[in-house]
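Trainee: Read top to bottom, the protein sequences are chains A and B.
Positions 1 to 347 (our numbering) are the ones given, in order, by the first sequence.
Positions 1 to 347 (our numbering) are the ones given, in order, by the second sequence.
Check each hint, because a few of them may be wrong.
Quick look at which bits of chain A chain B covers, simulated, 3 or more residues with Cβ under 8 angstroms [claimed, not checked]:
(1) 100-113
(2) 285-299
Straight-line C-alpha distance at most 30 angstroms; calculated DSS-like pairs for lysine-lysine [unchecked claim]:
(3) B:172 - A:172
(4) A:177 - B:172
(5) B:177 - B:230
It is worth saying that the hints were derived from the structure and are not from the lab.
Backbone N, C-alpha and C fix where the C-beta goes; we use that ideal spot for every residue, glycine too.
Number of protein chains: 2
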Amino acid sequence: MTTNVSAYAAPAANAPLERTTVPRRAVGEHDVLIEIKFAGICHSDIHQARDGWGEGIFPMVPGHEIAGVVTEVGAGVTRFTAGDRVGVGCFVDSCRECEYCRQGLEQYCTQGMTGTYNALDRNGEPTYGGYSTHIVVDENYTVRIPDALALDEAAPLLCAGITLYSPLSHWKAGPGKNVAVVGLGGLGHMGVKIAHALGAEVTVLSQSLRKQEDGLKLGADHYYATSDPKTFEKLAGTFDLIISTVSAPLDFGAYLALLKTDGALVNVGAPEEPISLNLFSVIGGRKTLAGSMIGGIAETQEMLDFCAEHGLGAEIELIRADQINEAYERVLASDVRYRFVIDAASI
Amino acid sequence: MTTNVSAYAAPAANAPLERTTVPRRAVGEHDVLIEIKFAGICHSDIHQARDGWGEGIFPMVPGHEIAGVVTEVGAGVTRFTAGDRVGVGCFVDSCRECEYCRQGLEQYCTQGMTGTYNALDRNGEPTYGGYSTHIVVDENYTVRIPDALALDEAAPLLCAGITLYSPLSHWKAGPGKNVAVVGLGGLGHMGVKIAHALGAEVTVLSQSLRKQEDGLKLGADHYYATSDPKTFEKLAGTFDLIISTVSAPLDFGAYLALLKTDGALVNVGAPEEPISLNLFSVIGGRKTLAGSMIGGIAETQEMLDFCAEHGLGAEIELIRADQINEAYERVLASDVRYRFVIDAASI
Chain A
1 MTTNVSAYAA PAANAPLERT TVPRRAVGEH DVLIEIKFAG ICHSDIHQAR DGWGEGIFPM
61 VPGHEIAGVV TEVGAGVTRF TAGDRVGVGC FVDSCRECEY CRQGLEQYCT QGMTGTYNAL
121 DRNGEPTYGG YSTHIVVDEN YTVRIPDALA LDEAAPLLCA GITLYSPLSH WKAGPGKNVA
181 VVGLGGLGHM GVKIAHALGA EVTVLSQSLR KQEDGLKLGA DHYYATSDPK TFEKLAGTFD
241 LIISTVSAPL DFGAYLALLK TDGALVNVGA PEEPISLNLF SVIGGRKTLA GSMIGGIAET
301 QEMLDFCAEH GLGAEIELIR ADQINEAYER VLASDVRYRF VIDAASI
Chain B
1 MTTNVSAYAA PAANAPLERT TVPRRAVGEH DVLIEIKFAG ICHSDIHQAR DGWGEGIFPM
61 VPGHEIAGVV TEVGAGVTRF TAGDRVGVGC FVDSCRECEY CRQGLEQYCT QGMTGTYNAL
121 DRNGEPTYGG YSTHIVVDEN YTVRIPDALA LDEAAPLLCA GITLYSPLSH WKAGPGKNVA
181 VVGLGGLGHM GVKIAHALGA EVTVLSQSLR KQEDGLKLGA DHYYATSDPK TFEKLAGTFD
241 LIISTVSAPL DFGAYLALLK TDGALVNVGA PEEPISLNLF SVIGGRKTLA GSMIGGIAET
301 QEMLDFCAEH GLGAEIELIR ADQINEAYER VLASDVRYRF VIDAASI
């Protein structure tokens with residue numbers, strides 16, 4: 001039997017979000033009921049609520065950066081008990097059988113992961129995200145938030161944190177590695193913190209020097225403006241790894257030229273439109289242009305444990321639910337340092 | 001004191017090649033004098049002789065797939081003696097000091113490798129390639145051709161062989177790996193032979209099925225026509241590694257969709273013009289679009305030893321020097337199975 005819970009939803013594409021109620025399924029054998037405490041606002045929430053990707057399911061309750069506390073568990077749940085501090089990220093299910101699910105790469109499930117919102121679950125019911133007071137999630141798609149992390153600062157780790165941690169880990173950022181992060185926003189600021197904590201030398205490549213002071217405080221060793229052509233001369237051939245968090249259509253040839261031989265430019269943000277690329281940019285220097293999408297459940301837990309160990313919460317601006325629409329405008333104007341987090345008590 | 005030797009040269013851009021003489025430097029302390037026996041014709045010879053890359057040095061003696069015999073060695077030479085069967089590939093020098101030269105990645109030398117032809121050497125003298133009777137090369141840029149390889153079939157290995165061996169080795173083609181080779185020409189046919197010998201499951205992706213019988217004989221397990229859209233449906237998500245040897249502007253999104261998660265599409269050929277790429281093609285499935293350029297000296301030796309062990313010579317059509325211009329036309333018409341090799345006795 002479903003229960004209706006309070007939520008903020010976009011009733012239709014491009015309509016402002018407003019308070020409503022949405023159904024949550026009864027707590028199944030392997031489910032946990034989570035009282036949501038905080039939910040981060042990801043840029044992709046705005047895309048989807050405004051139907052930027054074309055296939056929105058409305059009403060839509062965005063939110064895939066969820067931090068809360070377990071209040072009830074199903075009879076078969078073994079990993080959590082009531083009172084546990086937990087998080088939910090970008091997906092709440094996957095096929096569990098394909099080669100990627102079996103490897104803990106559920107985000108690349110061959111049948112497609114089930115998005116935390118704006119998706120249909122395995123029973124064909126729409127999923128509703130974290131801008132809500134409660135959510136019911138299978139324990140296997142729920143992660144533990146260590147005590148050392150404040151729940152509000154932990155929420156954005158569930159998307160922004162893992163989106164950066166996964167490629168930094170996969171492409172082996174660490175001592176002796178020279179890593180650049182392109183863009184200092186919600187994603188980028190976690191990239192700087194995590195890359196620094198991993199022991200890499202970290203450079204921020206940002207359009208301007210406007211956030212330089214922040215970047216250095218967050219752990220960057222260097223900060224350059226990409227609007228200055230001298231940046232590209234000076235840094236040619238110096239990076240092992242560049243992670244681009246931006247959706248602007250960069251001059252990819254210019255960024256690839258900043259890599260050492262065998263270096264990788266990994267995109268976690270991307271422009272909607274195709275980019276133009278001269279393949280000689282990757283042939284000279286055996287370079288890699290790659291992408292990465294969030295991370296699997298086990299890796300998300302590993303990321304949370306790493307962030308707890310190193311004291312890496314997100315930099316947040318806490319808002320009430322009735323400020324969501326205003327916050328969306330500010331995100332679009334890049335006017336947030338560095339993540340809006342909704343206090344679910346206000347929903 | 002230089003010595004003039006016979007050669008075939010393009011006297012100017014787009015002019016037919018003709019017999020001439022070019023100077024070879026005196027044999028220096030660390031040099032070997034090589035009597036050239038065979039020289040392969042690489043597609044890039046034609047590009048350069050016709051000034052396709054814009055900065056040709058004329059007269060130009062192409063040829064960077066050289067097989068021959070040492071006839072004289074400098075006083076300081078330790079690795080070769082007269083009578084040794086040797087090869088020279090795409091470069092004859094590099095800075096020897098940068099991080100890449102020190103790692104045996106001379107092809108990515110930060111100061112630029114010295115091309116075997118159409119380049120200026122460290123003394124500012126033009127280099128002349130393998131369409132010639134003799135060449136003087138530093139022993140450190142000379143490799144040994146094992147007795148098990150015929151010299152004529154070994155010549156193309158110095159460019160076509162290493163160009164495929166290096167990425168197949170770097171991206172770990174081998175047992176359990178599903179590898180595709182795009183294009184079955186001079187490069188591609190060596191890719192099929194080497195990938196098969198490495199133990200990978202090998203698929204040829206060619207425009208048509210015209211060379212299917214050859215492909216299977218060379219070691220391919222499967223052969224598909226890329227002109228058939230069903231090929232892309234059927235093979236979606238199946239390859240660990242795709243090596244593209246073609247210079248046609250492929251639909252890179254379609255080829256990336258053929259990769260498994262964590263798969264790589266590596267370009268050793270490339271169109272002159274920029275390609276168009278939607279970055280979501282690499283973000284979903286954490287895929288890599290990369291490039292690779294020939295190989296270092298130590299790796300070239302490793303490749304020759306590997307080819308000798310597995311009996312992998314190139315498939316060649318032996319020609320006289322006076323057939324070079326005609327052969328160029330046939331290469332441009334894809335009418336060669338699979339490499340023209342010039343008999344240097346006819347120069």
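Trainee: Taking each numbered hint in turn, which are not upheld by the structure, reported in ascending numerical order?
Mentor: No hint contradicted; all consistent.
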